[in-house]
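Undergrad: Residue-level listing of the chains:
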Amino acid sequence: MNAASLRVDRVGHSYGKRVALQDLSLSALGGVVTVLGPNGAGKTTLLRSMATVQRASSGQIYVDGLDVSVEPDRTEARRRIGYLPQEPRFAPRATVFDIVDYLAICKEHHDRRDRHREVRRVLEAVQLGDRADDRVRALSGGMVRRLGIAQSLLGQPRLLVLDEPAAGLDPDQRLQLRDLLTTLGATSTVVVSTDMTDEAAAISSQVIVIADGTTRFVGTAAGLTRLAGERVWIAPQAPARATRSWRQPDGTYRCIGDPPPGSTMVEPTMEDGYLLLVSAPTEAAVA
Amino acid sequence: MMIDLPLDASLAQRYVAGSTTAAETMRVERAMDSSASWRGLVGAQVPAERLEHNLAGVVAELDAPKRGFVERSMIRVGLHDHVARLLAATPVMRRSWYIASVLVLFFGLAASNPDNTNGSLGIFLAIAPLVPVLGVAVAYGPGIDPAHDMTVATPLSGFRLLLIRAVAVLATSVVFGGIGGVLIAQSHGIRVVAWMLPALALTTATLALSTAVATRTASAITAGGWLIGVAVVARAADDFTMFGAPAQPAYAAAALAAGIVLFMRRDAFESVEVAS
Amino acid sequence: MEQNAWTDADDQALIARIARGYRAALDVLYRVHAGWLTARLQRRCSEPELVDSALQDTFVAVWKSAKKYKRKGEVGAWLWGIAVRRLVDQTRKRKPTPMDLFPGREGRTDSAEEQALDLGLHGDFGAAFADLEPDLQAVLMATAVDGLSTKEAGDLLGIPQGTVKTRLMRARRHMREQLT
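In the order they appear, the protein sequences are chains A, H and L. For the first sequence, the numbering used here gives the first residue as 2, with consecutive numbering after it. For the second sequence, the numbering used here gives the first residue as 8, with consecutive numbering after it. For the third sequence, the numbering used here gives the first residue as 42, with consecutive numbering after it.
In isolation and in its complexed conformation, chain A is listed as follows (with noise of 0.2 Å):
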């Protein structure tokens, strides 16, 4: 097992008056980590913080017992993680190879055939791998993520933070990421914020849901989806009195919270709890 110990201890960061994070703590040893929330919860924040890009106003954050806020543990922290941002950008003329060799250097890969070899392995590994020699604006949109994600594998981190690596990726991709993050999460510790709720669950070892930048639940994938139990139901027409629903293409309504009249109940999913926490702001649960 090669996976970095994270730690996260009462983070909070603000962006000049407004409050992005509060009071924010998690650890993680080796496994799939997924970081769920509505858009603005403060994940892209937590997740640069983590990866030492931002430094958080408050709070520590710890990799490996390795201080990141200070040198010289701050550098050799960045020896062991491997990050991708939420919109990965690449100069738009340099190739595939190019790009990625280039920050195999950053990642401190000196010698050339090495890292040449290094370089290959991880556009492989995203099945960028005969694409070596096109250029960045020639990619499509799910490519460019993949190519993000391909140099994050550099150098094999023990720790991985990914920014949403299934956004704009197509089904089977999705499906081929999945596979990379379960083998990943067998010998580093990755942290993934996402809105694949069943993929995350069917893969992630922990669950974390922030919103407002606070923490709403920190646990299992089953624990979260227990706490929609007995709560998730089936109604023929729209409810009034339901914390959250929406039609399904059958024309019947999910709903979730208290029965509505008619309905009948069903087994939850990962994201029925979800939802069911940041639909209700002022509950906050740790299962």
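Possibly wrong hints are sitting among the right ones.
[Said to hold, decoys possible] Dumping the calculated BS3-like pairs for lysine-lysine here, alpha-carbon to alpha-carbon at most 30 Å:
#1 Lys206(L) - Lys113(L)
#2 Lys134(L) - Lys73(H)
#3 Lys105(L) - Lys206(L)
#4 Lys105(L) - Lys73(H)
#5 Lys111(L) - Lys73(H)
#6 Lys192(L) - Lys136(L)
#7 Lys109(L) - Lys134(L)
#8 Lys134(L) - Lys206(L)
#9 Lys136(L) - Lys105(L)
#10 Lys192(L) - Lys73(H)
#11 Lys73(H) - Lys206(L)
#12 Lys134(L) - Lys108(L)
#13 Lys192(L) - Lys206(L)
#14 Lys108(L) - Lys206(L)
[What the hints assert, rightly or not] So the derived list for chain H, only partly shown, Cβ under 10 Å to chain A, looks like this:
#15 Gly64
#16 Val66
#17 Ser80
#18 Val84
#19 Gly85
#20 His87
#21 Val90
#22 Arg92
#23 Asp152
#24 Asp156
#25 Ala160
#26 Thr161
#27 Leu168
#28 Thr224
#29 Ile228
#30 Asp274
Simulated from the structure, these hints should not be mistaken for lab results. Each residue gets a CB set at the ideal place from its N, CA and C atoms; glycine is no exception.
With the hints as your guide, set chains H and L onto chain A.
TA: Below, chains H and L alone, put in the same frame as chain A:
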């Protein structure tokens, strides 16, 4: 008469393990010289993993993208391969900086009036220090490098990367400026290099400022301030007071001071503040 | 007489195809020869990393210079000549720790069969060689067997060229005395 050494797997094993005597070693190597079967037998003792690893290395080398002219030149001059690659891969706008520099210098030359060579020298000396300042503006920073977020998350120190690029910018500027100087040297002699210390001072000042504001803003401030200063002094005294012998040590001191500030504030290059 | 499934003619054909730019032929050449080359290089240098780099450099060199192969002698010998010189290049970049070339105990008595074999393979040379001190064996190996110059031998063994020359003189004197 050649006697064939009978194939002997245990001898081959000991050979590969490195525990054979001199006589045995000679036997095996002589046998390999003439027998493909012996070569195969010995080769089979080497772990497949090692052979695959080395094959991947060969492939990596043969498939490596060709280096560009600038990169090859840098390596020939003695730079380490990975530093040359870093510089050559400076994202975006390298070409536009070269073009801008050449334009700047030619503007200076075009402004040179054969009847007023002093005036053209003045213009040249005023403009040449701007070349590295412009270079710094396009060589570093989140505005320039689309992958900045990802670069920050690497152990390569942002400060170190900045210095590498700044040195490259300065070195190239010396070349451009040197060429420009030679073209209008004529009767001016040593004065054509009087722009170098000001260039150094302006560049370090720009870098020091960029610990507080965006690199482009910093460049604009130093470039603007410089041009205003040159104009004011030229009006008050003459074209060369700004560059004369008494002024040069002042530039050196300014460069040193800015360098110290830059060094003390270097942590600013290690992370990103995002105004969200 | 053993039947060689793979002959030098097969190697020659591969080189010809490599010279025409067929990467697949290089792959085959690699699979046939990389093993023994690695093993033999490892018997000259204590550091596996240097051996790996030299081995890789060898096949890169083969790719680049296949056109220049002039069919003099066998492909195996040609490959070894390239490989050992790439190893010397590596040791020039990074000096390896000196190694004992033949750690096997000379105390073992070779069977009559083996002695006859040695006689057939290299006459009395073998016995005389085995008799030399290890330092002298190393320089003789590098120059006479591997065909290196005294400078190259010095780089490989990590000793000055002058030392190589003096040791070589002593080695040759010993061999002359033994073989006459």
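Undergrad: The structure should be examined with respect to each hint, and the outcome stated for every one.
TA: Do the hints match the structure? See the list:
{"no.": "1", "hint": "Lys206(L) - Lys113(L)", "in the structure": "holds, 29 Å"}
{"no.": "2", "hint": "Lys134(L) - Lys73(H)", "in the structure": "holds, 24 Å"}
{"no.": "3", "hint": "Lys105(L) - Lys206(L)", "in the structure": "violated, 33 Å"}
{"no.": "4", "hint": "Lys105(L) - Lys73(H)", "in the structure": "holds, 14 Å"}
{"no.": "5", "hint": "Lys111(L) - Lys73(H)", "in the structure": "holds, 28 Å"}
{"no.": "6", "hint": "Lys192(L) - Lys136(L)", "in the structure": "holds, 14 Å"}
{"no.": "7", "hint": "Lys109(L) - Lys134(L)", "in the structure": "holds, 26 Å"}
{"no.": "8", "hint": "Lys134(L) - Lys206(L)", "in the structure": "holds, 22 Å"}
{"no.": "9", "hint": "Lys136(L) - Lys105(L)", "in the structure": "holds, 27 Å"}
{"no.": "10", "hint": "Lys192(L) - Lys73(H)", "in the structure": "violated, 33 Å"}
{"no.": "11", "hint": "Lys73(H) - Lys206(L)", "in the structure": "violated, 42 Å"}
{"no.": "12", "hint": "Lys134(L) - Lys108(L)", "in the structure": "holds, 28 Å"}
{"no.": "13", "hint": "Lys192(L) - Lys206(L)", "in the structure": "holds, 9 Å"}
{"no.": "14", "hint": "Lys108(L) - Lys206(L)", "in the structure": "violated, 35 Å"}
{"no.": "15", "hint": "Gly64", "in the structure": "holds, 5 Å"}
{"no.": "16", "hint": "Val66", "in the structure": "holds, 8 Å"}
{"no.": "17", "hint": "Ser80", "in the structure": "violated, 17 Å"}
{"no.": "18", "hint": "Val84", "in the structure": "violated, 17 Å"}
{"no.": "19", "hint": "Gly85", "in the structure": "violated, 16 Å"}
{"no.": "20", "hint": "His87", "in the structure": "holds, 7 Å"}
{"no.": "21", "hint": "Val90", "in the structure": "holds, 8 Å"}
{"no.": "22", "hint": "Arg92", "in the structure": "holds, 6 Å"}
{"no.": "23", "hint": "Asp152", "in the structure": "holds, 8 Å"}
{"no.": "24", "hint": "Asp156", "in the structure": "holds, 4 Å"}
{"no.": "25", "hint": "Ala160", "in the structure": "holds, 4 Å"}
{"no.": "26", "hint": "Thr161", "in the structure": "holds, 4 Å"}
{"no.": "27", "hint": "Leu168", "in the structure": "holds, 8 Å"}
{"no.": "28", "hint": "Thr224", "in the structure": "violated, 19 Å"}
{"no.": "29", "hint": "Ile228", "in the structure": "violated, 24 Å"}
{"no.": "30", "hint": "Asp274", "in the structure": "holds, 8 Å"}
Violated hints, in rising order: 3, 10, 11, 14, 17, 18, 19, 28 and 29; the structure is consistent with all others.
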